[in-house]
Amino acid sequence: MAQPFLDHLIILIPHSALLSPPSWLSSAFHLYPGGTHADGRTANTLVLFPDGTYLELIAFLPHVTPDSRVQHRWGREREGHFVDYALSIAAGSGPGSSPEDRFARVRARVAEGSRSVAYSAPSAGGRTQEDGTDIRWAISFASAADGVKALTPGELPFWCLDRTPRDLRVPYGEPGNVKHPSGAKGVAAVDVTVASEEARDVYGFIQGAEGRDAGNGKKAWDLAVPEGSASELRVGVDAGVAEGKEKIKLTILTERGTEPRTIGGELAEGVELWIELKPEA
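For the sequence shown, the residue numbers in the UniProt record's numbering are 1 to 281.
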């Protein structure tokens with residue numbers, strides 16, 4: 001069975017911080033230039049890691065009206081937080097083994113196992129680079145069944161399925177793109193809080209296995225990354241996340257010999273972000 005892997009995590013930040021990142025952020029990470037999304041409402045900057053995962057720093061553009069913003073998936077989310085994350089799945093070598101073919105089997109497992117959650121059929125996305133290179137992918141989001149309390153972004157991963165080579169979308173093979181002053185190497189752990197046991201059960205259907213006991217009422221799974229050792233995915237339940245509590249926390253793996261620490265600070269007045277750094281053992 002082809003294992004899903006962690007693709008990227010999304011941090012919503014003020015547009016001012018996207019234009020002029022605070023020193024604590026730029027002194028810890030190499031910031032890879034992004035661009036404006038096709039809908040014209042958001043722009044991004046990336047932090048690419050050697051393990052092939054990345055952070056997407058995303059901001060709403062100043063011209064976006066409140067009415068337009070709230071219609072966006074992340075428009076109701078608070079700035080200064082991880083608001084969502086994506087999984088993907090690699091292509092195989094034979095027929096019927098494209099990322100979307102393989103995702104269809106994951107989608108079927110979720111549909112068979114859960115009466116409350118389903119993933120949408122993948123919808124096309126993409127962009128064209130300045131040099132004319134087309135980059136194409138497909139996206140799928142989870143939604144709750146009729147009569148079930150709606151999911152909030154970040155409780156369950158969405159899927160980003162490449163239709164063109166992934167390294168066009170995520171150029172982590174260039175050493176200069178992934179060399180960070182903090183020694184960041186990739187993702188050590190992702191902690192997710194969901195609002196219900198039913199939502200947590202979906203993780204078992206995605207992974208194709210029951211989670212192990214991680215203490216404090218959490219279940220854990222090994223979560224593959226594109227390169228190197230797996231990260232750990234830990235999922236807990238707290239009904240309060242539906243009322244705006246933080247859903248996603250990240251621990252970044254750093255080079256052996258670095259110090260364990262928490263980095264972060266202000267992104268704008270009243271908006272802060274904090275990230276844990278954990279040295280490689």
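Derived by calculation from the structure, the hints in this document are not laboratory data.
Here the structure is a predicted model, which is why all the values come from computation and not from measurement.
Hints are not guaranteed to be accurate.
Simulated DEER-style distance windows between Cβ atoms [claimed, not checked]: (1) G228 with E130: 44 to 52 Å; (2) E259 with Q129: 23 to 31 Å; (3) H37 with R115: 15 to 23 Å; (4) E227 with A268: 14 to 22 Å; (5) K149 with S20: 19 to 27 Å.
Below, computed lysine-lysine pairings styled on BS3-like, alpha-carbon distance capped at 27 Å [to be verified]: (6) K218 with K149; (7) K249 with K219; (8) K179 with K218; (9) K149 with K278; (10) K249 with K149; (11) K149 with K179; (12) K278 with K179; (13) K219 with K245; (14) K219 with K278; (15) K278 with K249; (16) K249 with K218; (17) K245 with K179; (18) K249 with K179; (19) K219 with K179.
Think of the CB as a built atom: it goes at the ideal place given N, C-alpha and C, for glycine as much as any other residue.
Okay, the hints, checked on the actual structure:
no. : hint                       : verdict
1   : G228 with E130: 44 to 52 Å : violated (31 Å)
2   : E259 with Q129: 23 to 31 Å : violated (38 Å)
3   : H37 with R115: 15 to 23 Å  : violated (34 Å)
4   : E227 with A268: 14 to 22 Å : violated (34 Å)
5   : K149 with S20: 19 to 27 Å  : violated (39 Å)
6   : K218 with K149             : holds (21 Å)
7   : K249 with K219             : holds (15 Å)
8   : K179 with K218             : violated (33 Å)
9   : K149 with K278             : violated (36 Å)
10  : K249 with K149             : holds (23 Å)
11  : K149 with K179             : violated (42 Å)
12  : K278 with K179             : holds (17 Å)
13  : K219 with K245             : holds (19 Å)
14  : K219 with K278             : holds (21 Å)
15  : K278 with K249             : holds (13 Å)
16  : K249 with K218             : holds (14 Å)
17  : K245 with K179             : violated (33 Å)
18  : K249 with K179             : holds (23 Å)
19  : K219 with K179             : violated (33 Å)
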